[in-house]
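Participant: Chain residues, written in single-letter form:
Protein chains: 2
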Amino acid sequence: MRTTFLTFGYKEIQTPTFEHVELFTEKSGQGIIDELYTFADKGGRNLTLRPELTAPVIRFYVNQLQMEPKPLKLFYFGNCFRYDRPQKGRYREFWQAGCELIGTKTPEGQAELIALAYTLLKDVGVEKMQGALGNLTVVRALFNHFNLTQEQQQEILPLIDKQAFDELQSTLENMGLPDEQTSKLLTLLQTTDISLLEQALQKDKEALEQLSTTKKILELLSSSFGITSFTLNMSIVRGLDYYKDMVFEIEAPALGAEKQLCGGGMYDLVKLFGGTSLPTAGFAIGFDRTVLTLETEKYHFPTCPTHVYVIPIEEEMIPPALQLTQQLRQEGFFTDVDLVRRGVGKALKYANTQHIPICILLGPDEQKNNTVCLRDMNTGKQTTIPQQHIIKELKQHLKHQ
Amino acid sequence: MRTTFLTFGYKEIQTPTFEHVELFTEKSGQGIIDELYTFADKGGRNLTLRPELTAPVIRFYVNQLQMEPKPLKLFYFGNCFRYDRPQKGRYREFWQAGCELIGTKTPEGQAELIALAYTLLKDVGVEKMQGALGNLTVVRALFNHFNLTQEQQQEILPLIDKQAFDELQSTLENMGLPDEQTSKLLTLLQTTDISLLEQALQKDKEALEQLSTTKKILELLSSSFGITSFTLNMSIVRGLDYYKDMVFEIEAPALGAEKQLCGGGMYDLVKLFGGTSLPTAGFAIGFDRTVLTLETEKYHFPTCPTHVYVIPIEEEMIPPALQLTQQLRQEGFFTDVDLVRRGVGKALKYANTQHIPICILLGPDEQKNNTVCLRDMNTGKQTTIPQQHIIKELKQHLKHQ
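In order, the protein sequences belong to chains A and B. Just remember that my numbering sits 11 ahead of the position in the first sequence, which is counted from 1. Just remember that my numbering sits 11 ahead of the position in the second sequence, which is counted from 1.
In isolation and in its complexed conformation, chain A is listed as follows (with noise of 0.2 Å):
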């Protein structure tokens, strides 16, 4: 994920690990309170540990880089921290990748956004994935357009983020929506077709807006960057008070339940933080969401074993043999090297259950014939040789593995 982000010209930054709890407060309201990890500090500030990362490096950009060219590319890579009921998929301790597009709002800006977070994801190893886009400029519109009240819109809301559409429709009509009114926001809700919210939307100019730079948005994402798998949706109101016009999210099927693997936007941060006021995206992937989905589809984990496991035949080969474990290291080998003195049978048994390929066994012979006996762990064959070969055969070795 590193690497995506530095291609992307992303640079990585890092905040502390615990922070004022005003920061939060202040950025999504008192209600977070019951999620804060806070404690009071023996100074008496009350502090929490961080339940996400947009909040510190904005204030960080804030206090230190609002005099850097824009935009500025930043990402990071840490762990976060709710008080929440722990279940598959929701830790109390869980990483996120994400990052803050500071200083553009133009469509080619968002579309980047958008493919970075589906490239981060895409390059790591998960196979399938939906993408949806919302604008909530649009959704503010659209309930503007079907005179829902301030009250009627909070009523409604948690069940669009639900996509509860039974229980919605049944809520509209106890609201006295009339039933053709209703079934037209339920449309145009859930629509792909961005002509009928055009149509629906068409006097309202903030609206119209939006939609066509949401239209231009997944033209690049198609077209530029070759991803498809974006489609429109209007019923993602994640954080209606925080983000603003563009949002978007991406779910894995893997995941079940808990399919959300990233979500980002645009939001306005910068001013409430005392900045001077510019656009800012972002978004956030959840780390062990990615890890369950890569296990839900067998992706196979790397690992880092180690190569090569040097043996002392006995006591007097130990310096010996530290020494040319020493030399395999400094040539970038991982090498082991017994020390517990455990006797040859039982160190070449210890490679075999540490999956390690290529055992080196050194004795009082090969020490004085500068040579050293190499046995491939896989076809049990062992062969002499002399010292100086031995990187050399080490490499051939390990590239037929």
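Keep in mind that a hint or two might mislead.
One copy or any two copies: either way a pair holds, since identical chains are not told apart in the list.
[Claimed, not checked] No farther apart than 25 Å at their CA atoms in a straight line, the calculated lysine-lysine pairs in the BS3-like style are these: (1) LYS22 x LYS357; (2) LYS139 x LYS379; (3) LYS410 x LYS22; (4) LYS360 x LYS116; (5) LYS357 x LYS81; (6) LYS22 x LYS360; (7) LYS255 x LYS406; (8) LYS406 x LYS22; (9) LYS227 x LYS133; (10) LYS99 x LYS133; (11) LYS379 x LYS227; (12) LYS81 x LYS282; (13) LYS22 x LYS309; (14) LYS81 x LYS360; (15) LYS116 x LYS81; (16) LYS116 x LYS357; (17) LYS99 x LYS53.
Because the hints were derived from the structure by calculation, they are not lab data. Bear in mind the structure is a predicted one, so any value in this text is a computation, not a measurement.
Based on the hints, put chain B in the right spot on chain A.
Facilitator: Same frame as chain A, but now just chain B:
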């Protein structure tokens, strides 16, 4: 550092950021609480941000890894927290790289551990280091040899730890230790000549055994690992309750007052945490101090600069520019693209401030002819090249940077 750990046959381990507070008070006594970030969670558990990583790793070992073949080689890289007065090289959140070697106490095991600490720092670029090797069993034997009471030992330990030998001398005199004995103890605590210690402690079998191991460790470090910067030093008395037998430290003169980069030794925590007792050793490297050392030594830190900046010279060129950008990224180039439509002149200026060595300009003529204009930002030279040669050209240009 990760690579060096892997070449030594160590595997990475990660533990949670917070633990039950008892984990650390059991290891280090109630006194440590003043330095801890402790808090009660919403379930009333007494938790603490980890102040170090040895106790968490050994807890993990006892819970999960006791059945693994020995020796077990585990390394970590993690953040720790101490409520300390912040100063240069001492932060309230700081990073440690370290490891635990579980299940061997052979001289070769101990020598390899020390060699690993030294190699980690050397490979990462630290130039000047001084290592010291002590032994707490020998120190205790010295105290017994001079008939110092438990109370007297407690009084002089902090002075030895600070290497405040003048103050130590007057304190010993005040305790009524004869001048000759005081002078002899001071000599033995500071000598680098192991035979002086062997002579003084010739009746203490346990101490003699430890001195023999110490000698072997120093020999192996020098002959097998090529490390000659460690000297004998019995005034290393770090954590007398916690460590046992071998202890070692590595200092960087570049750091000034807070010059310790690494500390470690043999200890016995497994039994305390309810596991089956076995020899354990480990060390921790202060990562922030390592960075400070490298800064003081004028180390040239590697950067990850963007390789290429793609500039669409007009709005219609944005989609093909994004497509080209994405191709370059897939080839592994760190590629950025103008996302704010700043115009060619400003875009080139931006690339200059970011020290990006190559710009690619894409206009309608280039697009029509399947070419791009490649600008070398160091020479200012622009060349028009076919799009299918771009990867080859970029590789050549970047090789010459």
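Participant: For every hint, state whether the structure bears it out.
Facilitator: Verification of the supplied hints:
no.	hint	verdict
1	LYS22 x LYS357	between (49 Å within a copy, 21 Å between copies)
2	LYS139 x LYS379	neither (59 Å within a copy, 36 Å between copies)
3	LYS410 x LYS22	between (34 Å within a copy, 22 Å between copies)
4	LYS360 x LYS116	between (61 Å within a copy, 21 Å between copies)
5	LYS357 x LYS81	between (62 Å within a copy, 12 Å between copies)
6	LYS22 x LYS360	between (46 Å within a copy, 20 Å between copies)
7	LYS255 x LYS406	neither (55 Å within a copy, 41 Å between copies)
8	LYS406 x LYS22	between (35 Å within a copy, 22 Å between copies)
9	LYS227 x LYS133	within (23 Å within a copy, 52 Å between copies)
10	LYS99 x LYS133	within (22 Å within a copy, 42 Å between copies)
11	LYS379 x LYS227	between (74 Å within a copy, 23 Å between copies)
12	LYS81 x LYS282	within (16 Å within a copy, 56 Å between copies)
13	LYS22 x LYS309	between (31 Å within a copy, 23 Å between copies)
14	LYS81 x LYS360	between (59 Å within a copy, 12 Å between copies)
15	LYS116 x LYS81	within (12 Å within a copy, 56 Å between copies)
16	LYS116 x LYS357	between (64 Å within a copy, 18 Å between copies)
17	LYS99 x LYS53	between (35 Å within a copy, 21 Å between copies)
When the structure is compared with the earlier hints, violations turn up for hints 2, 7 and for no others.
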